[in-house]
Amino acid sequence: AQSVTQLDSQVPVFEEAPVELRCNYSSSVSVYLFWYVQYPNQGLQLLLKYLSGSTLVESINGFEAEFNKSQTSFHLRKPSVHISDTAEYFCAVSVLSGGYQKVTFGTGTKLQVIP
Amino acid sequence: ETGVTQSPTHLIKTRGQQVTLRCSSQSGHNTVSWYQQALGQGPQFIFQYYREEENGRGNFPPRFSGLQFPNYSSELNVNALELDDSALYLCASSQDTGGVKTQYFGPGTRLLVL
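Protein sequences appear in the order of chains A and B.
Note that the numbering used here has the first sequence beginning at 1, numbered continuously upward.
Note that the numbering used here has the second sequence beginning at 1001, numbered continuously upward.
In case anyone wonders, no lab produced these hints; they're calculated from the structure.
Heads up, some of the hints might be wrong.
[To be verified] Below, simulated SDA-like cross-link-like pairs (lysine to any residue); rule was C-alpha separation at most 25 Å, straight line: (1) A:Lys49 / B:Asp1084; (2) A:Lys69 / B:Pro1107; (3) A:Lys78 / A:Ser28; (4) A:Lys49 / B:Tyr1104; (5) A:Lys69 / A:Phe14; (6) A:Lys102 / B:Gln1095; (7) A:Lys110 / B:Asp1084; (8) A:Lys49 / A:Pro115; (9) A:Lys102 / B:Thr1014; (10) A:Lys110 / B:Ser1027; (11) A:Lys78 / A:Pro40; (12) A:Lys78 / A:Lys102; (13) A:Lys49 / A:Ser59; (14) A:Lys69 / B:Val1100; (15) A:Lys69 / B:Tyr1050; (16) A:Lys49 / B:Asp1085; (17) A:Lys102 / A:Val13; (18) A:Lys110 / B:Leu1112; (19) A:Lys110 / B:Pro1107; (20) A:Lys49 / A:Ser27; (21) A:Lys49 / B:Phe1069; (22) A:Lys49 / B:Ser1027; (23) A:Lys102 / B:His1029; (24) A:Lys78 / B:His1029; (25) A:Lys69 / A:Pro40; (26) A:Lys69 / B:Arg1110; (27) A:Lys110 / B:Phe1069; (28) A:Lys78 / B:Asp1096; (29) A:Lys102 / B:Glu1075; (30) A:Lys69 / A:Thr86; (31) A:Lys110 / B:Gly1040; (32) A:Lys78 / A:Val13; (33) A:Lys102 / B:Lys1013; (34) A:Lys102 / B:Thr1102; (35) A:Lys110 / A:Gly53; (36) B:Lys1013 / A:Gln42; (37) A:Lys69 / B:Thr1102; (38) A:Lys110 / A:Ser28; (39) A:Lys102 / B:Phe1069.
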């Protein structure tokens, strides 16, 4: 079975400062990795994903994540955060199992951007 | 292209009652998955439907059941509601073309069981 660990439940950071949200996973089979963002009282929005190919993936709003197989990590980074980035971020691991795609989410990290 | 929609947005029920939540998948998507997100937690997989059949299930009891219709919309039914069923229920749709799929989520239905 796979699992996802987001060690930081809350990360406060000043506006325009860099941020890293950590995600580690465990799995005995090949994984596909996702980051989702959830704004208050809303559903999940896909931020970025790693399926194959380049281990560095980027989103349209400046976030990036790097798949590190040896460290089983998929940390999310942004060089300069904005107030509008305040939200909860979920890392998710997906495996193909028994004919369907099984997705496991972490417990989330709340990013609070301080003006 | 319309996104994933869910109804109702909010719902209040009492313990022991039954509830039905609805989801319309994104245009062109044939697979629907349901998740339960308790307060302060990440979403937990309930089950997945593909071509009107359940083809994957998480650790949820049989009183959680579902349906998928020919137009790929879906329902989640929960019988004998318990207080711990209070949560945000998320529906996600994807297009199964073989291999890994990207899931797109709806806004969720917030269920409160009193």
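How the hints compare with the structure:
Between Lys49 of chain A and Asp1084 of chain B the alpha-carbon distance is near 32 Å, which puts this suggested pair outside the 25 Å criterion. Taking the CA atoms of Lys69 of chain A and Pro1107 of chain B, the gap is near 32 Å; set against the 25 Å cutoff, the hint is violated. Taking the CA atoms of Lys78 of chain A and Ser28 of chain A, the gap is about 29 Å. The hint is violated against a cut of 25 Å. Between Lys49 of chain A and Tyr1104 of chain B the alpha-carbon distance is near 12 Å, which keeps this suggested pair within the 25 Å criterion.
Distance hint between Lys69 of chain A and Phe14 of chain A is unfulfilled; the C-alpha atoms sit about 31 Å from each other, more than 25 Å. Between the alpha carbons of Lys102 of chain A and Gln1095 of chain B the distance comes to roughly 15 Å, so the proposed pair stays at or under 25 Å and holds. A hinted pair counts as satisfied when its Cα atoms are at most 25 Å apart, and Lys110 of chain A with Asp1084 of chain B qualifies at roughly 23 Å. For the suggested pair Lys49 of chain A and Pro115 of chain A, the alpha carbons sit about 29 Å apart, so the restraint of at most 25 Å is broken.
Annotation: proposed proximity of Lys102 of chain A to Thr1014 of chain B is violated, straight-line Cα distance about 31 Å (limit 25 Å). For the suggested pair Lys110 of chain A and Ser1027 of chain B, the alpha carbons sit about 31 Å apart, so the restraint of at most 25 Å is broken. At roughly 20 Å between alpha-carbon atoms, Lys78 of chain A and Pro40 of chain A fall within 25 Å of each other, so this suggested pair holds. Pair hint Lys78 of chain A plus Lys102 of chain A does not hold up; C-alpha atoms about 28 Å apart against a cutoff of 25 Å.
For the hint linking Lys49 of chain A to Ser59 of chain A, the alpha-carbon distance of about 9 Å falls within 25 Å, and the restraint holds. Between Lys69 of chain A and Val1100 of chain B the alpha-carbon distance is near 18 Å, which keeps this suggested pair within the 25 Å criterion. Between Lys69 of chain A and Tyr1050 of chain B the CA atoms are separated by roughly 31 Å; this puts the pair beyond 25 Å, and the hint is violated. A distance of roughly 30 Å separates the Cα atoms of Lys49 of chain A and Asp1085 of chain B; the hinted pair therefore is violated under the 25 Å criterion.
Using a Cα cut-off of 25 Å, the hinted pair Lys102 of chain A and Val13 of chain A is violated, with the two alpha carbons roughly 33 Å apart. Straight-line distance between C-alpha atoms of Lys110 of chain A and Leu1112 of chain B comes to about 23 Å, which keeps the hinted pair within the 25 Å bound. Between the alpha carbons of Lys110 of chain A and Pro1107 of chain B the distance comes to roughly 18 Å, so the proposed pair stays at or under 25 Å and holds. With a CA separation close to 17 Å, the supplied pair Lys49 of chain A and Ser27 of chain A stays within the 25 Å bound.
Between Lys49 of chain A and Phe1069 of chain B the alpha-carbon distance is near 29 Å, which puts this suggested pair outside the 25 Å criterion. Proximity of Lys49 of chain A to Ser1027 of chain B is assessed by CA-CA distance (about 21 Å); at most 25 Å being required, the pair is judged to hold. Distance check on the hinted pair: Lys102 of chain A and His1029 of chain B sit about 17 Å apart at the alpha-carbon level, within 25 Å; holds. About 31 Å separates the Cα atoms of Lys78 of chain A and His1029 of chain B, which puts this hinted pair outside 25 Å; it is violated.
This hinted pair does not check out: Lys69 of chain A and Pro40 of chain A have alpha carbons roughly 32 Å apart, beyond 25 Å. The straight-line distance between the Cα atoms of Lys69 of chain A and Arg1110 of chain B is roughly 36 Å, outside the 25 Å bound, and the hint therefore fails. Proposed proximity of Lys110 of chain A and Phe1069 of chain B is contradicted: the alpha carbons are some 36 Å apart, above 25 Å. Between the alpha carbons of Lys78 of chain A and Asp1096 of chain B the distance comes to roughly 32 Å, so the proposed pair goes past 25 Å and is violated.
About 19 Å separates the Cα atoms of Lys102 of chain A and Glu1075 of chain B, which keeps this hinted pair within 25 Å; it holds. Distance restraint check for Lys69 of chain A and Thr86 of chain A: the Cα-Cα separation of roughly 28 Å exceeds the 25 Å cut-off, and the hinted pair is therefore not satisfied. This hinted pair checks out: Lys110 of chain A and Gly1040 of chain B have alpha carbons roughly 10 Å apart, not beyond 25 Å. Taking the CA atoms of Lys78 of chain A and Val13 of chain A, the gap is about 11 Å. The hint holds against a cut of 25 Å.
For the suggested pair Lys102 of chain A and Lys1013 of chain B, the alpha carbons sit about 30 Å apart, so the restraint of at most 25 Å is broken. Distance restraint check for Lys102 of chain A and Thr1102 of chain B: the Cα-Cα separation of roughly 12 Å lies within the 25 Å cut-off, and the hinted pair is therefore satisfied. Of the pairs offered as hints, the one joining Lys110 of chain A and Gly53 of chain A is violated, with about 29 Å between alpha carbons and a cut-off of 25 Å exceeded. Our distance criterion of 25 Å between C-alpha atoms is met by Lys1013 of chain B and Gln42 of chain A, whose separation comes to about 21 Å.
Annotation: proposed proximity of Lys69 of chain A to Thr1102 of chain B holds, straight-line Cα distance about 20 Å (limit 25 Å). A hinted pair counts as satisfied when its Cα atoms are at most 25 Å apart, and Lys110 of chain A with Ser28 of chain A does not qualify at roughly 28 Å. Simply put, Lys102 of chain A and Phe1069 of chain B have alpha-carbon atoms about 22 Å apart, close enough for the 25 Å limit, and the pair holds.
In summary, the structure is inconsistent with hints 1, 2, 3, 5, 8, 9, 10, 12, 15, 16, 17, 21, 24, 25, 26, 27, 28, 30, 33, 35 and 38 from the numbered list given earlier, while agreeing with the others.
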